[in-house]
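Got chain A; can you put chains B, C and D with the ligands on it based on the hints?
So the chains spell out like this:
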Amino acid sequence: MTPSWKNVREDFPILNQSVNGKPLIYLDNAATSQKPKVVIDGLASFYLKDNANVHRGLHTLSMRSTNAYEGARNRIAEFIAAESPEEIVFTRGTTESINLVAASFGGSQLKAGDVILLTEMEHHSNIVPWQLIAQKTGAKIKYVPVTADEGQLDLSSLDKLLTSEVKIFAFTHVSNTLGTINPVIELCRKAKQVGATTLIDAAQSIGHLPLSVKEIGCDFLCFSGHKMAGVTGIGVLYGKKALLNAMPPWQGGGGMIATVDFDGSTWKPSPERFEAGTPNYADAYALGLSCDYIDSLGRKAIAEHDSRLASLAYNELSKLPGIRLIGPSGARSGLVSFAFKDVHAHDIVTFADQDGIALRGGHHCNQPLMKKLGLTSTTRASFYVYNTDSEIEALVKSLNRIIKFFC
Amino acid sequence: MTPSWKNVREDFPILNQSVNGKPLIYLDNAATSQKPKVVIDGLASFYLKDNANVHRGLHTLSMRSTNAYEGARNRIAEFIAAESPEEIVFTRGTTESINLVAASFGGSQLKAGDVILLTEMEHHSNIVPWQLIAQKTGAKIKYVPVTADEGQLDLSSLDKLLTSEVKIFAFTHVSNTLGTINPVIELCRKAKQVGATTLIDAAQSIGHLPLSVKEIGCDFLCFSGHKMAGVTGIGVLYGKKALLNAMPPWQGGGGMIATVDFDGSTWKPSPERFEAGTPNYADAYALGLSCDYIDSLGRKAIAEHDSRLASLAYNELSKLPGIRLIGPSGARSGLVSFAFKDVHAHDIVTFADQDGIALRGGHHCNQPLMKKLGLTSTTRASFYVYNTDSEIEALVKSLNRIIKFFC
Amino acid sequence: MSSDLTELYQQVILDHNRRPRNRGKLPQANRVAQGDNPSCGDQCKVYLNVIDDRIADIAFEGSGCAISQASTSLMTTQLKGKTQAEAEALYKQFHEIVTTGKEPEEISDVAAFAGVHAFPARIKCATLGWHAALNALKNGATTATTESHKD
Amino acid sequence: MSSDLTELYQQVILDHNRRPRNRGKLPQANRVAQGDNPSCGDQCKVYLNVIDDRIADIAFEGSGCAISQASTSLMTTQLKGKTQAEAEALYKQFHEIVTTGKEPEEISDVAAFAGVHAFPARIKCATLGWHAALNALKNGATTATTESHKD
Ligand SMILES: Cc1ncc(COP(=O)(O)O)c(C=O)c1O
Ligand SMILES: Cc1ncc(COP(=O)(O)O)c(C=O)c1O
Numbered sequence: 001m002t003p004s005w006k007n008v009r010e011d012f013p014i015l016n017q018s019v020n021g022k023p024l025i026y027l028d029n030a031a032t033s034q035k036p037k038v039v040i041d042g043l044a045s046f047y048l049k050d051n052a053n054v055h056r057g058l059h060t061l062s063m064r065s066t067n068a069y070e071g072a073r074n075r076i077a078e079f080i081a082a083e084s085p086e087e088i089v090f091t092r093g094t095t096e097s098i099n100l101v102a103a104s105f106g107g108s109q110l111k112a113g114d115v116i117l118l119t120e121m122e123h124h125s126n127i128v129p130w131q132l133i134a135q136k137t138g139a140k141i142k143y144v145p146v147t148a149d150e151g152q153l154d155l156s157s158l159d160k161l162l163t164s165e166v167k168i169f170a171f172t173h174v175s176n177t178l179g180t181i182n183p184v185i186e187l188c189r190k191a192k193q194v195g196a197t198t199l200i201d202a203a204q205s206i207g208h209l210p211l212s213v214k215e216i217g218c219d220f221l222c223f224s225g226h227k228m229a230g231v232t233g234i235g236v237l238y239g240k241k242a243l244l245n246a247m248p249p250w251q252g253g254g255g256m257i258a259t260v261d262f263d264g265s266t267w268k269p270s271p272e273r274f275e276a277g278t279p280n281y282a283d284a285y286a287l288g289l290s291c292d293y294i295d296s297l298g299r300k301a302i303a304e305h306d307s308r309l310a311s312l313a314y315n316e317l318s319k320l321p322g323i324r325l326i327g328p329s330g331a332r333s334g335l336v337s338f339a340f341k342d343v344h345a346h347d348i349v350t351f352a353d354q355d356g357i358a359l360r361g362g363h364h365c366n367q368p369l370m371k372k373l374g375l376t377s378t379t380r381a382s383f384y385v386y387n388t389d390s391e392i393e394a395l396v397k398s399l400n401r402i403i404k405f406f407c
Numbered sequence: 001m002t003p004s005w006k007n008v009r010e011d012f013p014i015l016n017q018s019v020n021g022k023p024l025i026y027l028d029n030a031a032t033s034q035k036p037k038v039v040i041d042g043l044a045s046f047y048l049k050d051n052a053n054v055h056r057g058l059h060t061l062s063m064r065s066t067n068a069y070e071g072a073r074n075r076i077a078e079f080i081a082a083e084s085p086e087e088i089v090f091t092r093g094t095t096e097s098i099n100l101v102a103a104s105f106g107g108s109q110l111k112a113g114d115v116i117l118l119t120e121m122e123h124h125s126n127i128v129p130w131q132l133i134a135q136k137t138g139a140k141i142k143y144v145p146v147t148a149d150e151g152q153l154d155l156s157s158l159d160k161l162l163t164s165e166v167k168i169f170a171f172t173h174v175s176n177t178l179g180t181i182n183p184v185i186e187l188c189r190k191a192k193q194v195g196a197t198t199l200i201d202a203a204q205s206i207g208h209l210p211l212s213v214k215e216i217g218c219d220f221l222c223f224s225g226h227k228m229a230g231v232t233g234i235g236v237l238y239g240k241k242a243l244l245n246a247m248p249p250w251q252g253g254g255g256m257i258a259t260v261d262f263d264g265s266t267w268k269p270s271p272e273r274f275e276a277g278t279p280n281y282a283d284a285y286a287l288g289l290s291c292d293y294i295d296s297l298g299r300k301a302i303a304e305h306d307s308r309l310a311s312l313a314y315n316e317l318s319k320l321p322g323i324r325l326i327g328p329s330g331a332r333s334g335l336v337s338f339a340f341k342d343v344h345a346h347d348i349v350t351f352a353d354q355d356g357i358a359l360r361g362g363h364h365c366n367q368p369l370m371k372k373l374g375l376t377s378t379t380r381a382s383f384y385v386y387n388t389d390s391e392i393e394a395l396v397k398s399l400n401r402i403i404k405f406f407c
Numbered sequence: 001m002s003s004d005l006t007e008l009y010q011q012v013i014l015d016h017n018r019r020p021r022n023r024g025k026l027p028q029a030n031r032v033a034q035g036d037n038p039s040c041g042d043q044c045k046v047y048l049n050v051i052d053d054r055i056a057d058i059a060f061e062g063s064g065c066a067i068s069q070a071s072t073s074l075m076t077t078q079l080k081g082k083t084q085a086e087a088e089a090l091y092k093q094f095h096e097i098v099t100t101g102k103e104p105e106e107i108s109d110v111a112a113f114a115g116v117h118a119f120p121a122r123i124k125c126a127t128l129g130w131h132a133a134l135n136a137l138k139n140g141a142t143t144a145t146t147e148s149h150k151d
Numbered sequence: 001m002s003s004d005l006t007e008l009y010q011q012v013i014l015d016h017n018r019r020p021r022n023r024g025k026l027p028q029a030n031r032v033a034q035g036d037n038p039s040c041g042d043q044c045k046v047y048l049n050v051i052d053d054r055i056a057d058i059a060f061e062g063s064g065c066a067i068s069q070a071s072t073s074l075m076t077t078q079l080k081g082k083t084q085a086e087a088e089a090l091y092k093q094f095h096e097i098v099t100t101g102k103e104p105e106e107i108s109d110v111a112a113f114a115g116v117h118a119f120p121a122r123i124k125c126a127t128l129g130w131h132a133a134l135n136a137l138k139n140g141a142t143t144a145t146t147e148s149h150k151d
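Chains as they are written, first to last, in my numbering: chain A, 1 to 407; chain B, 1 to 407; chain C, 1 to 151; chain D, 1 to 151.
Everything labelled a hint here was simulated from the structure, so no lab data went into it. Wrong hints could be hidden among the right ones.
Selected chain C positions facing chain A (in silico; Cβ < 8 Å) [unchecked claim]:
| no. | residue |
| --- | --- |
| 1 | D36 |
| 2 | P38 |
| 3 | A114 |
| 4 | A118 |
By construction, the Cβ of each residue, glycine as well, lies at the ideal position given by its N, Cα and C atoms.
Same shape as in the complex, but just chain A (with noise of 0.2 Å):
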């Protein structure tokens, strides 16, 4: 059963107003997707009636708070198809996930010699934390190339790439500047072939694809809440319990410690080990919520709806006189990126404001691709949920007149 796309739209508040005099067009979705009202009032009422400092209490309040944390945790694993919530570790986002990653599994396995495997599709968050970790380890970082014309993985080179020299193999599920879904069971199996750890950066998918980390064959996940209709500052790292348990703590203090002594202190297992002081467990909760509100949509119709919205979105701009548009002609996941010879991405964005249409144009933290594609710069429109076809079209509408201004 596919929902009403045009009442989803009433779930969430925040697209019912005028910006610059215009309905309120929000095509960011990429860079955080817009809450809707089950998760804002749930994460309220939680304050309003539950909140205390969860684990360490007896009292009603506190069993009740860590009820909702913990409640959260085995939503998440459902979510996902983890093995168990243990397996679920919280993190503020993507970005911290994978920095735990590179700092205690990175920072324990890796010596000189050893091979970190990206691609060139990377955002900055699955770069910059694997190159401070192979500054410190001497392990060489090395990238798994992308066609220029399709910006899809080279697979070819992954083959002479994909050597037992590669400790660990970082990728995306979906690119947030190209839109390419890649072929993640594929890149795992290839990975467990040659003994080398999977982490795949979820980011872009996790509150669009259906996804199961049993069928992915990962080995870590990393994803943030607030890119899957959820509130900002909680995200999760999912690890394979017997990896996560053999990983040293990244952050001491308070509630990972089995015991702290003057001269020395043991661990907790995960996921307590990897949750230092006071967890965000508000916002946990609420994550929680989010996870019901998008099975409450199906993600399976989810991901038919951004697909159609961005080959239509494809389909159209592809008509603009002048436009250059990034990354796969055929599949793709619900965003466009495009950029123009004579007009600069951040006139756009700017010219789309006054239309109401929420845009982003700069480099997507995606600057090493931006240089391999010859760019400094991309507009980029993304899409969810809420969005509407009529939404393209005044799109469309509106970088006309931007064209026309410039050229």
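Structure of chains B, C and D with the ligands alone, referenced to chain A:
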């Protein structure tokens, strides 16, 4: 002008409920404070009207979001009298702030033979991060003793311990178990004389006492929003600008880079350097509202209110048979910890909860201190702006019943 | 006092808490295990003297709340003379009691722990000593913890 | 089109964007500085030939939005022939214009940038080239950034 404390209760809707059939008496404020309606509503309203990702966006919502986030940074700089907002780094909380300094400052500055000076009254969050970095760098940790009777820092030993080998002196402003208020100005002055960098754990003071980093003269100061009438998932690292800008990044990712290349990257200055990834901008915005709320009551007035309740509780509790009161008999912050020989803290907490009273029992993340005091756990009642004399009377009554039951 | 509380702190429990049985070291122990409840600080050490797969003697040390002290004390009285298989069966029964509140069919002191089920946060107090004892039986000597996600 | 937009993209700006002045390398440059806008990716490089504290020649390379390209282009025309003190005074005036929207008293092309003040996020686009030029004058060669908290 003192606020009307009675009206203050109405600002906190969570208090208006029954627990186990009795009116809720929330005395677990040192673990986390409750949040006033203005903060909860402000956060919800932000999500309902202004949410978008910060910094890299040029459209209207993104600018509003950025202004909300950077406005909060300004507000917090003002709240603690920092010299500039660039000295305010947003983190998840006290624990992450201390880990950041230990890993980045400690990791780049400490070497074998150096001394990290802590105190025996530190929270696990101000011990374990230093143990982790001591292990990596070969630095040694020493502890300023706490006097067994009054739970004060032994200042006579301090002079012997504070040698030129001490690279960093990290200590708490207010002890979460003892209620001791440390002489932070004097401690920073003495540390300066030997060239030691100072870090203050202000988790228990920030929402309770007037606090100015200018007056205190510390180099770093760490605190959590959730203990200062703020939401969970957001906290602050204050650091002197020159120190922060000399420190290497800790986490890598989007937003903290100047340039990224496949071969390496360069960093922005503080605070961006230390805020990799999408920040928790909504909760940061809400933290600014918490500062407003606290200042609307007045921090001097709050401190007086808290310490009046603490003396009342101390005096009334001291009349209970067999009670051992922990910490200073004189001036103390708004909490009282106690122990009975024959009744364990957890049984007390469970009993009190049946009377609607929320207490905390356990080691309060102070295991080494507990050992020193010859205890495995204490029961703690901790107060905030909404607590009243009659709530303390109810606590004493409840404890009397518990003692009778067990002894 | 609430009825939940009187259910929780039954006379049997208060008695075992005030006068713990088999408390102390066991010089002839050939199995020892530590039990820790990191979040709350409860600790216990269980000593076993196992002869021919049978618990010839058992003792414990430790500190903690009335529930953990009483349950460990009662556990020692229950396990003395039992085989490993019997001990495991007894723990299964005990776990059922504290998690569901269903009392066993035969009359037994362990039934006193049925009240724990109304206080889910205290279940780990009640099972700490049992975890340590079973660990000692199975592994010789380790540290048990009740802080995993599957209780 | 909104009036704010026509204010922002005035004819002078569009003209400088389409036909930038002094664009390219400067072989005889004795001062060079890079200007970066890390968040958005705008970049420029300003070359100066300074003789006896006077800017004898100036040129720039780079890429970015219409505002940054036009302002850098206009800046080069303004600074040619000026001393460091004069350049600083001109920047002060320019900064005043883009942040407050107040047009200067004398008629001047820089007045075209008054519309920027209605778009605070674009102020850093307008000042990028100026920052680089002043840095080159003061420090010889560094990278300027407009991403500090005090603009
Ligand atoms: C003195 C002290 N330091 C540090 C912390 C840790 O704070 P958080 O858990 O918010 O990181 C706490 C609170 O538990 C505390 O009381
Ligand atoms: C592909 C990808 N990876 C990682 C990130 C970083 O996520 P966050 O900023 O929430 O940590 C993003 C979002 O910006 C992204 O699009």
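Numbers of unmet hints, in rising order: 3 and 4
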